[in-house]
Each structure stands twice: as C-alpha cells, then as structure tokens.
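Trainee: Sequence:
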Amino acid sequence: MKTYDVIVIGGSYAGMAAALQLVRARRSVLIIDAGKRRNRAASHSHGFLTQDGTDPAVIASTARAQLQAYPTLSWVDDLVVEASGSRDGFIVRCAAGETHAARRLLLAIGVSDTLPDVSGLAERWGTSVFHCPYCHGYELQQGRIGVIAAGPMSIHQAQLLPEWGSVTFLTNGVVALDEPMLQDLTARGVTVEDTRIDRIEADADLLLADGRRLSFAGLFTAPRNAPSTSIAKDLGCALTETPMGTQIQTSETKESSISGVFACGDAARVPHSVSLAVADGAWAGAQIHRSLVWPES
1 MKTYDVIVIG
11 GSYAGMAAAL
21 QLVRARRSVL
31 IIDAGKRRNR
41 AASHSHGFLT
51 QDGTDPAVIA
61 STARAQLQAY
71 PTLSWVDDLV
81 VEASGSRDGF
91 IVRCAAGETH
101 AARRLLLAIG
111 VSDTLPDVSG
121 LAERWGTSVF
131 HCPYCHGYEL
141 QQGRIGVIAA
151 GPMSIHQAQL
161 LPEWGSVTFL
171 TNGVVALDEP
181 MLQDLTARGV
191 TVEDTRIDRI
201 EADADLLLAD
211 GRRLSFAGLF
221 TAPRNAPSTS
231 IAKDLGCALT
241 ETPMGTQIQT
251 SETKESSISG
261 VFACGDAARV
271 PHSVSLAVAD
281 GAWAGAQIHR
291 SLVWPES
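Position 89, counted from 1, in the sequence shown is what my numbering calls 89; the numbers after and before it change by one each time, with no gaps.
In case anyone wonders, no lab produced these hints; they're calculated from the structure. Mixed in with the good hints, there may be bad ones.
Below, computed lysine to aspartate or glutamate pairings styled on EDC-like, alpha-carbon distance capped at 16 Å [as the list claims (entries may be wrong)]: (1) Lys2 / Glu139; (2) Lys36 / Asp77; (3) Lys2 / Glu123; (4) Lys36 / Asp78; (5) Lys233 / Glu82.
The structure displayed is predicted, hence computed values, not measured ones.
Please model the complete structure; the sequences and the hints are all you need to start from.
Mentor: Written out as structure tokens, the structure reads:
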C-alpha cells in the first residue's frame, strides 16, 4: 500500500486550499471527498475576493481542476468511514472498502447544521434562508429581513442585520428577551415578534400561528454546528464548544490534540465563509508541510 505524505479528508474549499500548498511543495497528497459541500444549495458565493457572485460549484470545480494538474495529487470520490493509527502511520478506510495510508491526516470535514424545527425551513436553507449576512445580506437590496431565533446567537444576528435592511426578530418561543435587550433592539430599529411560526411558504413568507402572513426579502437563522462526521471524535481529537456549536480543537499550527492529525475549515474555526475556509486551509497546508520537514517539532 502506498503511503502518502498527507491524506486530506474533505475536498471542499479548506481541504483543497491546504492540498495546494502541499503539492506545490511536491508532497504526495490524497484527497478523499464525499461530494457534499455545505453550500451546495447556494447559487452564488459572495465576499470572496475575485470570485464575488460566482457559483460556488464553479469555484470548487475550478479549484479541483487546478489541483489535479499537479502530479503528486490523487483524488478519491468516497466517504471516509474509519481512521486509525498514529503520527507517520495513519490508515483510513472508505465506504467502498478501499484503505489508504499516510504520514499525516488533515480533517477538512466541514460541519452539519442543526436547523430550527420550522416547517419549510430546511428546503430553503441556502436559497432564501441564510446564516451569514456578509455572504447574502447585500443581495436583499435593503428589503425586509426576518431573523428566526434558534438560540442565543440569534440575538447577535438581530442586532447586526439592520445594516442590511429592516429587521423583524421572531423569537418563536426559543429565546426570552429581558428589558435591556428589548431596548437595545428597539434602538436599532428591530421589530420583535413573539408569535410562533407555523411554516414558511413561497420564498420567504412566514405564516404565523395566529394566521398572519409576514413577507420578507430573505430570512436568517443561526444553526448549531458540529463536525459533519465522527472521524475526529473516533481518532480521539479533543473537541471544544463555541457559541455556534462544537468544533475540533486545534493549536495555532492547526494540529489537533492528536499528534499528526490536523484540522481546518468550518469544522475547526468560527465564523464560517468560503474566504475564511480557504485562508484556514492554506495555513494548515503550510503547517503540515513544516511538520514533515521538521518532524521533531
């Protein structure tokens, strides 16, 4: 069995950015990707310099094509179901049954989103329901914006989003606002709606439990995140809690608590965006290379 310098688990933006640094250092890299980008429902990516407004699928396919021009890059379309071993001797097993070996592992596995239990929300996630105003706020053209409470971070969204339009904060029985917070939101021009949401219709219409219909240009919510697979936990990597959910704990060099296992992208940092994932991946790739050059460090 060939032993790669690095196996990258997850071939989205962070994983590919890391791989690019490594193949340019002429290291052998295997990317294993299950093909489920977190932003696969979005038709446009925003806030990424030189790629503003580009279909994120085009960004991903262009990156893959550029990577595959390097002779030390290999790619497997599959899901990693098991990883084991230690520094300089890791083994990963894929759903199709193949196994692969590497000296280092990079977990660029992304996250899963736990969305509010509102009928119609999941079907609109990434198209008319969003989490990042920097990615999607401008395109709402300063129209009406609804913020659906999912937890404490939703209050932060309600405070921030008036920069992009007229905001209604729908507490939906999830958060209770004290008087100082109500005063703060009112001062920012935010309308607070406590009636529960029955369902979402059309693009971004909310039908409330009392029969009223509120129409918006777009909706925002703050889902809880967790690594998209259990690979990090199975390897013994320490996890940490953030206001947005659970992520893989890493050092400044992007190494996890397990020697030789690194992590980057949404699963290992907050906040989340394509540009931040690319930057995090590029740094992780350089740091993995350094660990191969100076293995004693």
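Trainee: Look at each hint and say if it fits the structure.
Mentor: Here's how the hints hold up against the structure:
1. Pair hint Lys2 plus Glu139 does not hold up; C-alpha atoms about 48 Å apart against a cutoff of 16 Å.
2. For the given pair, Lys36 sits about 11 Å from Asp77 by alpha-carbon distance, which is consistent with the 16 Å threshold.
3. For the hint pairing Lys2 with Glu123, the CA-to-CA distance comes to about 42 Å; that exceeds 16 Å, so the pair is violated.
4. With a C-alpha separation of about 10 Å, the suggested pairing of Lys36 with Asp78 holds against the 16 Å cut-off.
5. A hinted pair counts as satisfied when its Cα atoms are at most 16 Å apart, and Lys233 with Glu82 qualifies at roughly 11 Å.
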